[in-house]
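Novice: Sequence:
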Amino acid sequence: MDEWPPAQRVARFRLTPAVAELRIKKLAEVSANLAWAFHAQQRMNEREIFDADVLRILRRGMISGEPEETLSGEWKCKMVLKLRGTREAGVVVIILKKGGLFIKTVEWEDVS
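Okay, so the sequence shown: first residue is 9 according to this note's numbering, each after it adds one.
Hints in this document: simulated from the structure, not taken from any laboratory.
There may be inaccurate statements among the hints.
Said to hold, decoys possible - Below, simulated DSBU-like cross-link-like pairs (lysine-lysine); rule was C-alpha separation at most 35 angstroms, straight line:
(1) K90 - K34
(2) K106 - K90
(3) K112 - K34
(4) K34 - K105
(5) K33 - K84
(6) K33 - K90
(7) K84 - K34
(8) K84 - K112
(9) K33 - K106
(10) K106 - K84
(11) K33 - K112
(12) K105 - K33
Stated by the list, open to error - The following label-pair restraints were derived from C-beta to C-beta distances:
(13) E54 - R22: 32 to 40 angstroms
(14) T24 - N53: 30 to 38 angstroms
(15) A60 - F21: 15 to 23 angstroms
(16) A26 - E82: 33 to 41 angstroms
(17) S39 - K84: 31 to 39 angstroms
(18) P25 - A45: 21 to 29 angstroms
(19) T78 - N41: 29 to 37 angstroms
(20) W44 - E117: 27 to 35 angstroms
(21) K84 - W116: 27 to 35 angstroms
(22) N53 - L30: 12 to 20 angstroms
(23) F46 - K106: 26 to 34 angstroms
Being a predicted model, the structure only gives us computed values, none of them experimental.
Glycine is no exception: its CB is placed at the ideal position from the N, C-alpha and C atoms.
I would like the entire structure built from these sequences, with the hints used as guidance.
Specialist: In structure tokens:
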């Protein structure tokens, strides 16, 4: 016997790295789209990674790894870019539902 109404199956949307990278780069074009965590600002000072570096990473970098869905349904990603010769830096950013970016932390990738 067929079920009525038919059971609906909901497919979960998975954000791909390529789509996440495009969204981040597009949003990062406008500085007003960025919100900075206090933690990120502390790490920038501590690690001597400047706001211009963070903007460059978000606008020209590449996604590292897979985007992770947060409990609130937003997407956490890491963008990386080579800075200052051979040093690679990363920015952990959350793509907000309301359309902006939340910069969570900033780090050097070559530090163990």
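Novice: Does each hint hold? Answer for all of them.
Specialist: Taking the hints in turn, this is what the structure says about them:
no.: 1; hint: K90 - K34; result: holds (20 angstroms)
no.: 2; hint: K106 - K90; result: holds (30 angstroms)
no.: 3; hint: K112 - K34; result: holds (18 angstroms)
no.: 4; hint: K34 - K105; result: holds (15 angstroms)
no.: 5; hint: K33 - K84; result: holds (14 angstroms)
no.: 6; hint: K33 - K90; result: holds (16 angstroms)
no.: 7; hint: K84 - K34; result: holds (16 angstroms)
no.: 8; hint: K84 - K112; result: holds (9 angstroms)
no.: 9; hint: K33 - K106; result: holds (16 angstroms)
no.: 10; hint: K106 - K84; result: holds (14 angstroms)
no.: 11; hint: K33 - K112; result: holds (16 angstroms)
no.: 12; hint: K105 - K33; result: holds (16 angstroms)
no.: 13; hint: E54 - R22: 32 to 40 angstroms; result: holds (34 angstroms)
no.: 14; hint: T24 - N53: 30 to 38 angstroms; result: holds (34 angstroms)
no.: 15; hint: A60 - F21: 15 to 23 angstroms; result: violated (34 angstroms)
no.: 16; hint: A26 - E82: 33 to 41 angstroms; result: violated (18 angstroms)
no.: 17; hint: S39 - K84: 31 to 39 angstroms; result: violated (21 angstroms)
no.: 18; hint: P25 - A45: 21 to 29 angstroms; result: holds (22 angstroms)
no.: 19; hint: T78 - N41: 29 to 37 angstroms; result: violated (18 angstroms)
no.: 20; hint: W44 - E117: 27 to 35 angstroms; result: violated (20 angstroms)
no.: 21; hint: K84 - W116: 27 to 35 angstroms; result: violated (19 angstroms)
no.: 22; hint: N53 - L30: 12 to 20 angstroms; result: violated (30 angstroms)
no.: 23; hint: F46 - K106: 26 to 34 angstroms; result: violated (20 angstroms)
Against the hints set out earlier in the document, violations occur for numbers 15, 16, 17, 19, 20, 21, 22, 23.
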